[in-house]
Amino acid sequence: MTCEYKLYNPTWCPGCGNYMIRDALKQALEELDIEPHNAVIVTGIGQAAKMPHYIGANGFNGLHGRALPPGIGVKLANKELTVIVESGDGDTYGEGGNHFIHAIRRNVNIAHFVHDNQIYGLTKGQGSPTTARGQKTTLQFDGVKLEPVKPLALSLTMGAGFVARGFSGDKAHLVNLMKEAITYNGYAHLDIFQPCVVWNKINTFRWYKDHTYYLPDYYDYTDYENAYKKALEWDDGIPLGILYKVEKDTYDDSFDFIKNGEPLVDAELNPMDAEKYMKEFY
Amino acid sequence: MDYTILIGGAAGQGIDTTVGLLERIIKRYGYHVFTYKNFMSMVRGGHNFMQIRFSDKPVTSYSTKLDMIYAFNQESVEFHKDRLKEDGVVILDKNISTDEDYIYLPLVETAKSLNNDKVASSVGLGAILNYLGLPLELGKKVLEDELAPKIFEVNRQALERGYELLERKYNIDKREDNNILINGNQALALGAIAAGCKYYCGYPMTPSSSVMTYIAKHANEMRIVVDQIEDEVGALNMALGASYAGVRAMTGSSGGGFALMVEALSLAGIIETPIVVFNAQRTGPATGFATRTEQADLRFMIHAGHGEFLRMVIALRSPEDAFYQTARAFNLADKYQIPVLLMTEEYLTNYNITHEPFDFSKITIERHLATESDVTEERYKRYKFTENGISPRLIPGQIKGQVVLVDSHEHNEYGNIDEDADNRVKMVDKRARKIDSLKEEIQEPWFIGSDSPENLIVCWGATYGAVKEAVNRLNEKGLSIGALIYGDIWPFPTNKLNELGRNAKRIIDIEHNSTGQLESLIKEFTDLKCTDRILKYDGRPLSGDEIVQRLDLLI
Numbered sequence: 041m042t043c044e045y046k047l048y049n050p051t052w053c054p055g056c057g058n059y060m061i062r063d064a065l066k067q068a069l070e071e072l073d074i075e076p077h078n079a080v081i082v083t084g085i086g087q088a089a090k091m092p093h094y095i096g097a098n099g100f101n102g103l104h105g106r107a108l109p110p111g112i113g114v115k116l117a118n119k120e121l122t123v124i125v126e127s128g129d130g131d132t133y134g135e136g137g138n139h140f141i142h143a144i145r146r147n148v149n150i151a152h153f154v155h156d157n158q159i160y161g162l163t164k165g166q167g168s169p170t171t172a173r174g175q176k177t178t179l180q181f182d183g184v185k186l187e188p189v190k191p192l193a194l195s196l197t198m199g200a201g202f203v204a205r206g207f208s209g210d211k212a213h214l215v216n217l218m219k220e221a222i223t224y225n226g227y228a229h230l231d232i233f234q235p236c237v238v239w240n241k242i243n244t245f246r247w248y249k250d251h252t253y254y255l256p257d258y259y260d261y262t263d264y265e266n267a268y269k270k271a272l273e274w275d276d277g278i279p280l281g282i283l284y285k286v287e288k289d290t291y292d293d294s295f296d297f298i299k300n301g302e303p304l305v306d307a308e309l310n311p312m313d314a315e316k317y318m319k320e321f322y
Numbered sequence: 027m028d029y030t031i032l033i034g035g036a037a038g039q040g041i042d043t044t045v046g047l048l049e050r051i052i053k054r055y056g057y058h059v060f061t062y063k064n065f066m067s068m069v070r071g072g073h074n075f076m077q078i079r080f081s082d083k084p085v086t087s088y089s090t091k092l093d094m095i096y097a098f099n100q101e102s103v104e105f106h107k108d109r110l111k112e113d114g115v116v117i118l119d120k121n122i123s124t125d126e127d128y129i130y131l132p133l134v135e136t137a138k139s140l141n142n143d144k145v146a147s148s149v150g151l152g153a154i155l156n157y158l159g160l161p162l163e164l165g166k167k168v169l170e171d172e173l174a175p176k177i178f179e180v181n182r183q184a185l186e187r188g189y190e191l192l193e194r195k196y197n198i199d200k201r202e203d204n205n206i207l208i209n210g211n212q213a214l215a216l217g218a219i220a221a222g223c224k225y226y227c228g229y230p231m232t233p234s235s236s237v238m239t240y241i242a243k244h245a246n247e248m249r250i251v252v253d254q255i256e257d258e259v260g261a262l263n264m265a266l267g268a269s270y271a272g273v274r275a276m277t278g279s280s281g282g283g284f285a286l287m288v289e290a291l292s293l294a295g296i297i298e299t300p301i302v303v304f305n306a307q308r309t310g311p312a313t314g315f316a317t318r319t320e321q322a323d324l325r326f327m328i329h330a331g332h333g334e335f336l337r338m339v340i341a342l343r344s345p346e347d348a349f350y351q352t353a354r355a356f357n358l359a360d361k362y363q364i365p366v367l368l369m370t371e372e373y374l375t376n377y378n379i380t381h382e383p384f385d386f387s388k389i390t391i392e393r394h395l396a397t398e399s400d401v402t403e404e405r406y407k408r409y410k411f412t413e414n415g416i417s418p419r420l421i422p423g424q425i426k427g428q429v430v431l432v433d434s435h436e437h438n439e440y441g442n443i444d445e446d447a448d449n450r451v452k453m454v455d456k457r458a459r460k461i462d463s464l465k466e467e468i469q470e471p472w473f474i475g476s477d478s479p480e481n482l483i484v485c486w487g488a489t490y491g492a493v494k495e496a497v498n499r500l501n502e503k504g505l506s507i508g509a510l511i512y513g514d515i516w517p518f519p520t521n522k523l524n525e526l527g528r529n530a531k532r533i534i535d536i537e538h539n540s541t542g543q544l545e546s547l548i549k550e551f552t553d554l555k556c557t558d559r560i561l562k563y564d565g566r567p568l569s570g571d572e573i574v575q576r577l578d579l580l581i
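Which chain is which? The protein sequence lines are A and B, in order.
Position 248 of the first sequence, counted from 1, bears residue number 288 in the working numbering, the numbering being contiguous throughout.
Position 477 of the second sequence, counted from 1, bears residue number 503 in the working numbering, the numbering being contiguous throughout.
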């Protein structure tokens, strides 16, 4: 195989869903023939955010909650790079909530994989924005009192053109979703269920198996209202697959000089090009 | 000739346009102009004023004393009449009644006869042109250049009618004009464009926003992404992403917005990704005064960020300085892979000054990017240990088979998380020792005034203009006085200060803050002690007059 990603030894707990997500990521990138030097994985902080250390792609491991902004910056600076933003549910929907909302509005051509285990792992078991109401944690002794975020409904409301959900327990399905998200032209939101074997004893591998179902082949992912209903489904089964996918104008392409020009990073810099602006001041 | 006109009124009355026309007419007639703008933070109402000072010699400060007040309302007279010189005049519409012996002109009435109330200010402008001896033809030409075509004709008529309303008092000669008229934010923005900034992002905040607006105006032509971000937290993180990918990137704000960037500033420090950030200081703390000036963020800029990391801080002293230093900041950021922080202040962001055109050929672009031959190991080490602490910086996507990993954790040479104690110490030391080479590039403060002065002023940033005027005037009176004006301020340069400070009888600290932040640096890094201080923190800038006055009391 010409395109191959090296793997490095993770410090994740045995049985962690992150292993499968990493394997799926490797397979997706290799099958798409995106070479490691052309892929950038941008993350925040958390267990999921350690991804760039364990797979041999370019990596920007930034700050908690701040994975999306540098990812957007990278893509606008060099459109040739494939940018994958990857982080956890706390990072994305909590600390980084504002960036998440506006990244959807901005619609830059990046893929966003949220490792959603409905708990804080790295900080040891506190409730996350997607932890179920009433669930007891290492901090919320009386149970979580906040309504959980509904990530897919939120991104649909904000106008995302690609909204999907995967599960770390089904690698083949996940690889396919990742490939769809990476090749989608625009911001692609892929929320990935993963069990946290240490801190979340409710949403286990078994729980996800029992509570999810696959969207059927005949499902029409261009139907916005139906997608929204699917995004809200929870107690009676949670859909896996592409809930919504339509073509949308991207932010990148709104700049004619990006769309039709060379990548910004290749621009020749010449101070004399700006000298003409002196005339505005006479 | 040294003449100051104050134009005052409520927000929304057109002061800005009138001042913009008058200052340009005077400039094109060959005179040096300095326009000081004093706004309240509101869109309609309140009291705003601007002062145009002009002279046949360069002027670097506004003047406290006024030769003329052109008032759009009575309040503008009441607020400022005490500053009027003995032979000063007040011009106002005849509908405004006072008991004073002012010049009352039928401005609104004339405008009404032209069926357009809005051109009353142009009627007054015409009257002032004739009074000062400025030619009508030049006035009309500037109106044509500056105003939208559909309003030009009626304003031209208003100008002509106004020109007849007042007799000529002065006859001033036409001089050659090769100057530009520019403010600090425009100059800063031009410096960034000239330096090849390809990514500017920010969140609007007075008084920083006009930098973003200016760059946006030329963004498509210069292929610059100008991006308004959801918040300043996102802005600096986004700019760092762009810089990591290899373009020159900048963000900026005022103090409150810069405060939100501090977390990412620390990130820039550990990932060693070049970035230029400016803080257009306004009166603080918190919201303070949005449209007023201060120099209270010096210590903040020097220390902002958790953990220890190298940064450089440059205070901008004038529009010219803003242009050249901003361009230089990009080279320094690239060379040392550090954040370079520019400090400007509200006063400097929007006073207008005449200056010879900037020399773009003096701007150099030094990227210091690694190429294939710099990667000597099989697997590229983004944070390779080197003698001077600077690791070859590769940008992603350039070399097949090589990837670039940056990390906010403490990391090893590859950029991977590494908690090893020895590695930690080596990595901290690697980043820190870049200061040795950086120090060699630090510029000593500018010095003006008498050689080995008995009285040595120390100041920084935009107090430069007023201090310069004061020093010149006091030197002419025979006083032994000089001033050191800091631009590069962190790492703090001390050579010139030590040399001059040792022989000075007095060291006088002049700053726009209440605690003497420069003085505290001097205490920290030298054995010198400031003997006196002039600290102003009412949100209004010091003028040359005021400094002379306050020094007279001291010396």
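Simulated from the structure, these hints should not be mistaken for lab results.
Note that the coordinates shown come from a computational prediction; the quantities given were computed from them, not determined experimentally.
Misleading hints may appear alongside valid ones.
[As the list claims (entries may be wrong)] Taking lysine-lysine and the PhoX-like style, the derived pairs with C-alpha atoms no more than 20 Å apart in a straight line are: (1) B:K200 with B:K167; (2) B:K407 with A:K46; (3) B:K388 with A:K316.
[Claimed, not checked] A few chain A residues that don't get close to chain B, going by computed Cβ distances all over 10 Å: (4) M60; (5) N78; (6) G113; (7) H139; (8) A172; (9) G199; (10) V215; (11) V237; (12) H251; (13) D263; (14) E265; (15) L309.
Yeah, the Cβ is synthetic: ideal placement off N, Cα and C, and Gly gets one too.
Hints and how they fare:
{"no.": "1", "hint": "B:K200 with B:K167", "result": "15 Å, holds"}
{"no.": "2", "hint": "B:K407 with A:K46", "result": "16 Å, holds"}
{"no.": "3", "hint": "B:K388 with A:K316", "result": "15 Å, holds"}
{"no.": "4", "hint": "M60", "result": "21 Å, holds"}
{"no.": "5", "hint": "N78", "result": "6 Å, violated"}
{"no.": "6", "hint": "G113", "result": "3 Å, violated"}
{"no.": "7", "hint": "H139", "result": "5 Å, violated"}
{"no.": "8", "hint": "A172", "result": "29 Å, holds"}
{"no.": "9", "hint": "G199", "result": "15 Å, holds"}
{"no.": "10", "hint": "V215", "result": "21 Å, holds"}
{"no.": "11", "hint": "V237", "result": "21 Å, holds"}
{"no.": "12", "hint": "H251", "result": "33 Å, holds"}
{"no.": "13", "hint": "D263", "result": "30 Å, holds"}
{"no.": "14", "hint": "E265", "result": "28 Å, holds"}
{"no.": "15", "hint": "L309", "result": "3 Å, violated"}
In terms of the numbered hints stated before, the structure departs from hints 5, 6, 7 and 15, listed from lowest to highest.
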